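> The residues making up each chain are set out below.
Number of protein chains: 2
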Amino acid sequence: MSALPGVKALVFDTFGTVVDWRNGIARDARVFLARHKREDVDPLAFADAWRRRYQPAMEAVRSGARPFTRLDVLHRENLDALLAEHGITANEADRDWLNRAWHRLDPWPDAIPGLLRLRAKHFIAPLSNGNILLLANMAKRAGIPWDAILGAEPVQAYKPQPEAYTRTAEILALAPHDVALVASHNNDLAAARRAGLRTAFVLRATEHGPGQTTDTRAEADWDAIAGSFEALADQLGC
Amino acid sequence: MSALPGVKALVFDTFGTVVDWRNGIARDARVFLARHKREDVDPLAFADAWRRRYQPAMEAVRSGARPFTRLDVLHRENLDALLAEHGITANEADRDWLNRAWHRLDPWPDAIPGLLRLRAKHFIAPLSNGNILLLANMAKRAGIPWDAILGAEPVQAYKPQPEAYTRTAEILALAPHDVALVASHNNDLAAARRAGLRTAFVLRATEHGPGQTTDTRAEADWDAIAGSFEALADQLGC
Numbered sequence: 001m002s003a004l005p006g007v008k009a010l011v012f013d014t015f016g017t018v019v020d021w022r023n024g025i026a027r028d029a030r031v032f033l034a035r036h037k038r039e040d041v042d043p044l045a046f047a048d049a050w051r052r053r054y055q056p057a058m059e060a061v062r063s064g065a066r067p068f069t070r071l072d073v074l075h076r077e078n079l080d081a082l083l084a085e086h087g088i089t090a091n092e093a094d095r096d097w098l099n100r101a102w103h104r105l106d107p108w109p110d111a112i113p114g115l116l117r118l119r120a121k122h123f124i125a126p127l128s129n130g131n132i133l134l135l136a137n138m139a140k141r142a143g144i145p146w147d148a149i150l151g152a153e154p155v156q157a158y159k160p161q162p163e164a165y166t167r168t169a170e171i172l173a174l175a176p177h178d179v180a181l182v183a184s185h186n187n188d189l190a191a192a193r194r195a196g197l198r199t200a201f202v203l204r205a206t207e208h209g210p211g212q213t214t215d216t217r218a219e220a221d222w223d224a225i226a227g228s229f230e231a232l233a234d235q236l237g238c
Numbered sequence: 001m002s003a004l005p006g007v008k009a010l011v012f013d014t015f016g017t018v019v020d021w022r023n024g025i026a027r028d029a030r031v032f033l034a035r036h037k038r039e040d041v042d043p044l045a046f047a048d049a050w051r052r053r054y055q056p057a058m059e060a061v062r063s064g065a066r067p068f069t070r071l072d073v074l075h076r077e078n079l080d081a082l083l084a085e086h087g088i089t090a091n092e093a094d095r096d097w098l099n100r101a102w103h104r105l106d107p108w109p110d111a112i113p114g115l116l117r118l119r120a121k122h123f124i125a126p127l128s129n130g131n132i133l134l135l136a137n138m139a140k141r142a143g144i145p146w147d148a149i150l151g152a153e154p155v156q157a158y159k160p161q162p163e164a165y166t167r168t169a170e171i172l173a174l175a176p177h178d179v180a181l182v183a184s185h186n187n188d189l190a191a192a193r194r195a196g197l198r199t200a201f202v203l204r205a206t207e208h209g210p211g212q213t214t215d216t217r218a219e220a221d222w223d224a225i226a227g228s229f230e231a232l233a234d235q236l237g238c
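Residue numbers (this note's numbering), protein chains in the order written: chain A, 1 to 238; chain B, 1 to 238.
In case anyone wonders, no lab produced these hints; they're calculated from the structure. One or more hints might be untrue.
Heads up, the list lumps identical chains together, so a pair's fine if it works in one copy or across two of them.
Straight-line distance between alpha carbons at most 20 angstroms, and here's what the computed SDA-like set of lysine to any residue pairs gives [to be verified]:
1. LYS8 to ARG104
2. LYS140 to ARG104
3. LYS140 to ARG119
4. LYS8 to ARG141
5. LYS140 to ASP234
6. LYS140 to TRP97
7. LYS140 to CYS238
8. LYS8 to ALA93
9. LYS121 to LEU174
Computed from a predicted structure; not experimentally measured.
So that you can see chain A by itself, here it is in the shape it has in the complex:
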């Protein structure tokens, strides 16, 4: 008996749900900051500050204030602003290298073992706000076994816009109810449910570090609730 009977495709939030963005960004920021003799800047705080600019940047697209712009470009604009704030000058190659730290994030330890099991019975793809190249380079480096790279760029919309979910189902030629979003963020799942998708919460209690206060539990009766991708695979009979 599956917790998501009849579901054909599983689509995954990526930053936080599949990969540990905070430690990955801090790892490469540490190298960058040392190269620029700025060991006074805490790499984890740098990662958090970069990430805080993420939602406002996408909001300009969601609101229609600017046309759809892929996340690598938004990340780079945000990085340039953050470096200016710290008075750090860096050349193009150096900035591009750090910007591509988002392509080099590591999965949580249970992610790939769980995905390999889930993939045997379902179509699996990221439904991330990351762009195709970012998600594909991440998958290639880390060995994430996606069946296709979906997400904001093919659908030209950023979550939690409803089109991000419904157009993904259209690409898969499925009714929204035959698709489940797997995410560690309650607001993402709520938007997916409003768009007609099914929902699976996976707890990531340290996405924001040891003192995390948000998304520490499932805040609604999501269709599946699990502590890891492997536990989710158990619940889906995979």
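With chain A fixed as given, assemble chain B onto it according to the hints.
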């Protein structure tokens, strides 16, 4: 010394170049025709007739006569017309099953061994007129190791429209010259070259059967010319 020095990404025509569409469609058409007691229809001729409707259907999109429509939909319209021509009635599930024969095509024997070698040094993706689901299901079934599923749907253009090539390079954040199209069709390569991409011809002498008269040789000085994906991997030092 590589035949394509500095090339970062290889993108592949798929129908004909990676997979043998004619025998794959005929294989499933044979099952369908037998189920409908129409063994009088030759499955290979059926495959050819279905394929002949392919370019005209895309031309309606290229010309702007209709909005971008994914290939699964065009294939289905063409199938419905072909079945009507033969006076075959079939239910929805049956038609959908046959339409998805395009998702179940087998690669030429050298394709996957060659792609596995090419993938070690390059980003590899289909640049096909097939839609994402078609290409992803094909890859999942056959084990084609794409790094991402690109093609007409993410770029909303059908080859040989120049945007099909240039927008693919944009998705990859590469200059067109850093991308090479691998194809068995001279006209596809010519359009890619006009769009600024590099070009690799791979001979598929029996795509259209034993009596094939088109694309039996490289008709221009493509940057690489090979008899198989494995020979191409040799030329690229992979």
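> Could you run down the list of hints and mark each one as holding or not?
For each hint, the structure was consulted:
no.: 1; hint: LYS8 to ARG104; result: between (29 angstroms within a copy, 18 angstroms between copies)
no.: 2; hint: LYS140 to ARG104; result: within (9 angstroms within a copy, 24 angstroms between copies)
no.: 3; hint: LYS140 to ARG119; result: both (16 angstroms within a copy, 10 angstroms between copies)
no.: 4; hint: LYS8 to ARG141; result: between (27 angstroms within a copy, 15 angstroms between copies)
no.: 5; hint: LYS140 to ASP234; result: neither (26 angstroms within a copy, 22 angstroms between copies)
no.: 6; hint: LYS140 to TRP97; result: within (17 angstroms within a copy, 32 angstroms between copies)
no.: 7; hint: LYS140 to CYS238; result: between (24 angstroms within a copy, 17 angstroms between copies)
no.: 8; hint: LYS8 to ALA93; result: between (42 angstroms within a copy, 17 angstroms between copies)
no.: 9; hint: LYS121 to LEU174; result: within (16 angstroms within a copy, 35 angstroms between copies)
The structure shown violates just one earlier hint, number 5.
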